[in-house]
Amino acid sequence: MSGPPAQPAGRVELRQERDVAAARIAVSKAMDALGARALRKTRFVTAVSEIARNALDHGGGGVLEIYRLDRPRRIMIRCIDQGPGIADIDQAMTDGFSTARSMGKGLGGARRLVDAFRIESRVGAGTTIEMEANP
Amino acid sequence: MTVAPTTEVSRLLREEFDSVLDAWFATQKREGVRRPDLFSDRESRRQLSDLLRAFSDALSRIDITEAVDIDADNWSELRMALSEITLVRTERGVAPWEMTAFMLALKQPVFEMLSKNLADRTDRLLAEAADFGRVVDALAMHINEYFIAERDEIIERQRAEMMELSTPVVQLWERVLTIPLIGTLDSMRAQEVMENLLNSIVEHSAEVVIVDITGVRVVDTQVAQHLLRTAAAVRLMGAEAIISGISPKIAQTMVELGVDVGEVTTRPSIRAALAEAFRRVGFQISRIEDTRV
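Protein chains in written order, with this note's numbering: chain G, 25 to 159; chain Y, 624 to 916.
A couple of the hints might just be wrong.
Below, a list of computed lysine to aspartate or glutamate pairs in the EDC-like style, where the Cα atoms sit at most 20 Å apart [claimed, not checked]:
1) G:Lys-53 with G:Glu-144
2) Y:Lys-872 with G:Asp-56
3) Y:Lys-872 with G:Glu-156
4) Y:Lys-872 with G:Asp-139
5) Y:Lys-652 with Y:Asp-641
Heads up, incomplete: computed chain Y residues facing chain G, CB under 7 Å, no partners named [stated by the list, open to error]:
6) Ser-706
7) Thr-807
8) Asp-809
9) Lys-872
10) Asp-883
11) Gly-885
Calculated from the model, a selection of chain G residues having no Cβ within reach of chain Y, i.e. all distances over 12 Å [what the hints assert, rightly or not]:
12) Gln-40
13) Ala-46
14) Leu-93
15) Asp-94
16) Ala-111
17) Gly-130
18) Arg-146
These aren't lab readings, by the way, just hints derived from the structure by calculation.
If you're wondering where the values come from, they're calculated on a predicted model, not measured in any experiment.
Heads up, the beta-carbon is just placed ideally off N, CA and C, and yes, glycines get one too.
Please work from the sequences and hints to get the whole structure.
Structure follows, in structure tokens:
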């Protein structure tokens, strides 16, 4: 996935449940540094929480990278896992679809909470999700 | 038991024990890691002597020209002596870096003695100095690991304590309980919350339970699911759950996520939730008539 030129602003390894909290805190700080509004921050951090947990629960762990982008000034995260991948992305993005005993609203919900959403997945190779938010 | 080859280092530690001890002590003094404010000279010398004795014993048994694994069984006595001294010194306030420097200070005096005694045997000098240096480095690293392990243990203990403290169920009134949630509600904590709450419902014959999430920063689908499951379990126990403290930000985010709270009662503040709870259990709050004259 080739996004716009980016400045690294953080990186969190996702290996256990408490790392999801660490990811939320890191993204929250990066958004504070951008002077993001409270509501935008809550929305983006919630979306990050969803995809970070997906990477952990379904992707067997992964890494979350945080970037600052310019023109316009905004934040981007990239969440990468080397899990089994998603066979049918459209289905996975549909509310109510879940392979685990969860609500099945994580992916679709995350997309609705952010300003840009890109997903790439190959079965057997893993999933990469990029999300952007304006401050 | 294998017998290690006689090296100049092992000979020094055996036959010139006192001069090595003195030189080590002097180096520590020069580097300012002796801490005479915490230990008398006598005490410090005894610690060094114990450690050096264990070191000397280890070198007479172990061939350090081979790869050194300080965690192996044959190093256990030296390891124990080192751990004991580390414990005693840190309990009195010696810093981790001082403890490492304390160990590393053995290198220089031994190097000096080696270079004097092996002046005409450069190859042996280099090999022995390298081997000895490796062992001392490994011991210094062992000290560091000791500190890290100790700190990890403290962190883990505090985590456990915090977990226990962080889900207090409070009785607000007859048959009314509240549980204020703060921070993150991961699966482990959610389980804890659920258990505490359900037990307290039985204990207090509660009819209304206020789950306050004012202190929860992010409500994602997992947190929402935990809350709704808790509410469902509370209902099965014959009580009602009220979720309070949903901020406007979180309310909007939950709508976007597509979370439906269904029939669970929610209130924006714990105050509004308390009023609702009183109404349900048949109490009413009224202002006292002013009886002052």
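Worksheet entry | Ascending list of hint numbers which this structure does not respect | Numbers 1, 6, 10, 11, 12, 13 and 17, in rising order.
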